[in-house]
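2 protein chains.
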Amino acid sequence: MQKIAGSFLQRTAPSIRACAKRPITQPVRRCIPQHPPRFYAVAANAPLAEKLRVNGDRLWDDIHYTAQYSLPSPGGITRLCASAEDKLARDWFKDQVMALGADYKVNATGSQFALFPGEDLSIPPIAMGSHLDSVGTGGKFDGPLGVLGALEVIRSLKEQGIKTRAPIVLINWTNEEGARFWPFLGSSIVYAGQSTVEEAHASLTHDGSGVRMGDELKKIGYVGDGPNTFEEFPISAHFEIHVEQADSLEKAGKPIGWFTGWQGMTWYSVSLKGDDGHANTYPMYGRRDALVGAAKMIVELEQLAYDRNGYTTMTNIRSGPWGACNIQSDVRMAFCLMNKDGTLLETMGSDIEAKVKGIAAMHGLEMSMTRDVHLPPGDFWPEATDCIIRACGTEGMAAITGTGHDSTMTTRLVPTGMVVARAKGGWSHSPKEWTDKDDCTKSALALGRAVLNFDDYMKTKAA
Amino acid sequence: MQKIAGSFLQRTAPSIRACAKRPITQPVRRCIPQHPPRFYAVAANAPLAEKLRVNGDRLWDDIHYTAQYSLPSPGGITRLCASAEDKLARDWFKDQVMALGADYKVNATGSQFALFPGEDLSIPPIAMGSHLDSVGTGGKFDGPLGVLGALEVIRSLKEQGIKTRAPIVLINWTNEEGARFWPFLGSSIVYAGQSTVEEAHASLTHDGSGVRMGDELKKIGYVGDGPNTFEEFPISAHFEIHVEQADSLEKAGKPIGWFTGWQGMTWYSVSLKGDDGHANTYPMYGRRDALVGAAKMIVELEQLAYDRNGYTTMTNIRSGPWGACNIQSDVRMAFCLMNKDGTLLETMGSDIEAKVKGIAAMHGLEMSMTRDVHLPPGDFWPEATDCIIRACGTEGMAAITGTGHDSTMTTRLVPTGMVVARAKGGWSHSPKEWTDKDDCTKSALALGRAVLNFDDYMKTKAA
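Protein chains in written order, with my numbering: chain A, 1 to 463; chain B, 1 to 463.
Just so you know, not all the hints are guaranteed correct.
[Said to hold, decoys possible] Just some of the chain B residues that point at chain A, by a computed CB distance under 10 angstroms: (1) Ile63; (2) His64; (3) Tyr65; (4) Thr137; (5) Glu177; (6) Val197; (7) Ala202; (8) His206; (9) Thr229; (10) Glu231; (11) Lys273; (12) Gly277; (13) Arg287; (14) Pro321; (15) Cys325; (16) Thr401.
[Stated by the list, open to error] One-sided and incomplete, this derived list gives chain B residues near chain A with beta-carbon spacing under 10 angstroms: (17) Gly178; (18) Gln245; (19) Ser329; (20) Ala361; (21) Gly364.
No wet-lab data here; the hints were simulated from the structure.
The structure presented is a predicted model; accordingly, all values stated were derived computationally and were not measured.
Using N, Cα and C, we set each Cβ at its ideal position, and we do this for glycine too.
Please model the entire structure based on the sequences and the hints provided.
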């Protein structure tokens, strides 16, 4: 892969770093007024963007064809990071981009880069990226639409003879979901300087089995020598399509849109330890039952969503000793808190910590609670989002994403924007996840046009 | 092993049967007035019983020597049924009884039978039995004291030239604990006609992995052709030592005693199913979060112990999908209810079922709840218990066991009694489990004397 020197960006990449155990606390640039997005005037697309068309049939076929790379999951996809199914999807992706003449590399954390030249090779490429991995109960769109939509853009540009000034790179980021290995955004977090290759390789599965992401990537042959960080391989911008995972577009009757920003999210781990004892015979008085404590904590977690108008989810619980004979003495849990308001998000964290401490004290349990990942709310870059707004035209509307994406990492570095596709009923991380063919097509077209708009914007800026 | 024909018992073995999914609902014979046991006159031991002594040093050494057959567990034992450690303990047991000249057999569910002749081979043997398997967080006494105490009795009888009229059989019962494979009492349940060899072989581990007890027993070489049922191999009586697993003896300052009976116990499985969905983005309203429902159920289960003055324990929870990305849609739990009052035990069952139904309805969850095993409260046989009372003399007192034992199965068939040894702090199923050496010695002596008293009782009855 050619190393493209220099960058139009004068902005220094953040020096803060965070691994699984260190919170990502640095606030990111906030630049788009969140309310009301309608104040933005919808300017015209750049001429090349206006010219672009995409092939919706081909994209739809790709979405359903690649869904075969999955464990059995009727209606959905089970393609956990670095699994045999993930390897098949990656191999397919490689074949497609090689057929299009890509300069192709895999980096140390398994991300696939497919670079296509522009007229001026001195400019860092404009990136289109997302992920092909899924959660255990994934749908067909969360991730794949981003990668396959971008692939469709590359094919259409080539077919229609549309040449960009900047090179373009298509990226399939590794372990976006964090469904198998934690933390999530497992490769883009390294690219953004928030973690290291070593830390990403040491990412563990949620089941306590000690399986590491680095070893599993190696097993499927996806540890390469491609670029790992922004410093090694700078990009000019990052664009990504994603299904909304909520229902605001559906309710408004809009097929596509853009994410102005994201709500704040924090992930915690909690451990409660009590005493082993006989389930039938040990007196109720004097028990140190960690599972009873955990249950009270989960009930408090639900209450917290009422109290602070946020979202709360307990996403993992493991309890032992297993069986039918023992008071449960060892419970480990993972949960997340979400709030659009960063101050309220912090309050939610201190609220639940106080509750867990109280529950632990009342039940004589030892407790520990760690904040594993913290993403304060933020907004994407106006330079990038404006290109999407223009690409959507009258069909688009603004939304806020409720979760993190690879774009939440790249936005720490370069202009980043996200194209949103309408989702049925807000379902995601579920086989019920669905986006109509026409909406998929429109989102891919908006992605391609946004990239061309950004290419034009850079050209104008450079002039 | 010689087949001993005939039995002094005219009582027909129960025809009822129960497997893992069928409750054991048949009430058993209740024959000892539970309160107050002091109304029993303490008669003298039979002459041979009075003569018996046991070697407490040897027993104590055996307890600590065999504790090596364990996964690492400081202070305790981890010797799950049909594990490599279980095999080592079984092999050791075989060597000991063979050295004593036993007629030795292993049956199809892995139980080890060591038969020693009496003066009259036409009489079904008097059994001493317990188990060498432990729970995951086991102590050194729950199970081993019963088997090793009985082994000490056999050795002492032999050394002291004490001959019984009836043969004696020492039994190491398989999977008493149910810690790895459910249901518990995995071999004595078959012996008592409450299940079949096939059902016992099909017993599954608690982790949903599908591992079967029969396959695991085969792997360690413990599927034999010995007798599986009472019909194949009748016994005259069954005696067992067990640590109290509660603190009534300790509080009363008594080293040993007898269980008059057992409290009622019921084991349930519950499954709650909701919807998969994104942990961060899916609106709180409309979620069908199975783990939130499960947590509320566990809180209700604790309340139930207050309401009905019983014991309640949630002993197992598994929740999925795993990870940090998903609303939990699938939760499986196992719990047990305990009450000394059989009617209140039934009420507890219907109480919690109503609560779970309500919680499921309020959270839009599908629920199923099955009663896997049900043991109504009952009492051991006066013929057997009287022999223990006489053996304990002034050092003993009555207690009630809070859980099931292999004796809870044999008592459905023949006179059965349990010798109790004082336990520190009521700890059991914990490395904290402890019984002093002197109390172990006294319990073994009481076991031996009880067997000799029963042998004398049968002789008198036959005369």
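Hint check:
1. A cut of 10 angstroms between beta carbons decides the hint on Ile63 (chain B): the least distance to chain A is about 19 angstroms, and the hint is violated.
2. Nearest Cβ of chain A to the Cβ of His64 (chain B): about 20 angstroms, over the 10 angstroms cut. The hint is violated.
3. Taking 10 angstroms as the C-beta contact cut-off toward chain A, the hint placing Tyr65 (chain B) at the interface is violated, the least distance being around 23 angstroms.
4. Hint status for Thr137 (chain B): holds, given a least beta-carbon distance of 4 angstroms to chain A, under 10 angstroms.
5. Annotation: Glu177 (chain B) was flagged as interfacial toward chain A, and the flag holds, the nearest CB pair being 6 angstroms apart, inside 10 angstroms.
6. Interface hint at Val197 (chain B): violated, since its Cβ lies 21 angstroms from the closest Cβ of chain A, which is beyond the 10 angstroms cut-off.
7. Restraint check, Ala202 (chain B) versus chain A: the minimum CB separation of about 16 angstroms is more than 10 angstroms; hint violated.
8. The interface hint given for His206 (chain B) holds, since its Cβ lies 5 angstroms from the closest Cβ of chain A, which is under the 10 angstroms cut-off.
9. Taking 10 angstroms as the C-beta contact cut-off toward chain A, the hint placing Thr229 (chain B) at the interface is violated, the least distance being around 24 angstroms.
10. Interface hint at Glu231 (chain B): violated, since its Cβ lies 29 angstroms from the closest Cβ of chain A, which is beyond the 10 angstroms cut-off.
11. With its C-beta approaching chain A no nearer than about 12 angstroms, Lys273 (chain B) sits outside the 10 angstroms limit, and its interface hint is violated.
12. Proximity of Gly277 (chain B) to chain A holds as hinted, the smallest CB-CB distance being about 5 angstroms (cut-off 10 angstroms).
13. For the restraint placing Arg287 (chain B) at the interface with chain A, the shortest Cβ-Cβ distance is roughly 8 angstroms, inside the 10 angstroms limit, so the hint holds.
14. Annotation: interface hint on Pro321 (chain B) holds; nearest CB of chain A at approximately 4 angstroms, less than 10 angstroms.
15. With a cut of 10 angstroms, the hint placing Cys325 (chain B) at the interface with chain A holds, because the nearest CB-to-CB distance is about 5 angstroms.
16. Interface hint status for Thr401 (chain B): upheld, as the beta-carbon distance to the closest one in chain A is roughly 7 angstroms, under 10 angstroms.
17. Interface hint at Gly178 (chain B): satisfied, since its Cβ lies 6 angstroms from the closest Cβ of chain A, which is below the 10 angstroms cut-off.
18. Given the 10 angstroms rule on beta carbons, the hint for Gln245 (chain B) holds: about 4 angstroms separates it from the nearest Cβ of chain A.
19. Annotation: Ser329 (chain B) was flagged as interfacial toward chain A, and the flag holds, the nearest CB pair being 7 angstroms apart, inside 10 angstroms.
20. At its closest, the beta carbon of Ala361 (chain B) sits 16 angstroms from a beta carbon of chain A; the interface hint therefore is violated under the 10 angstroms criterion.
21. With a cut of 10 angstroms, the hint placing Gly364 (chain B) at the interface with chain A is violated, because the nearest CB-to-CB distance is about 14 angstroms.
Of the hints listed earlier, those the structure fails to meet are numbers 1, 2, 3, 6, 7, 9, 10, 11, 20 and 21, in rising order.
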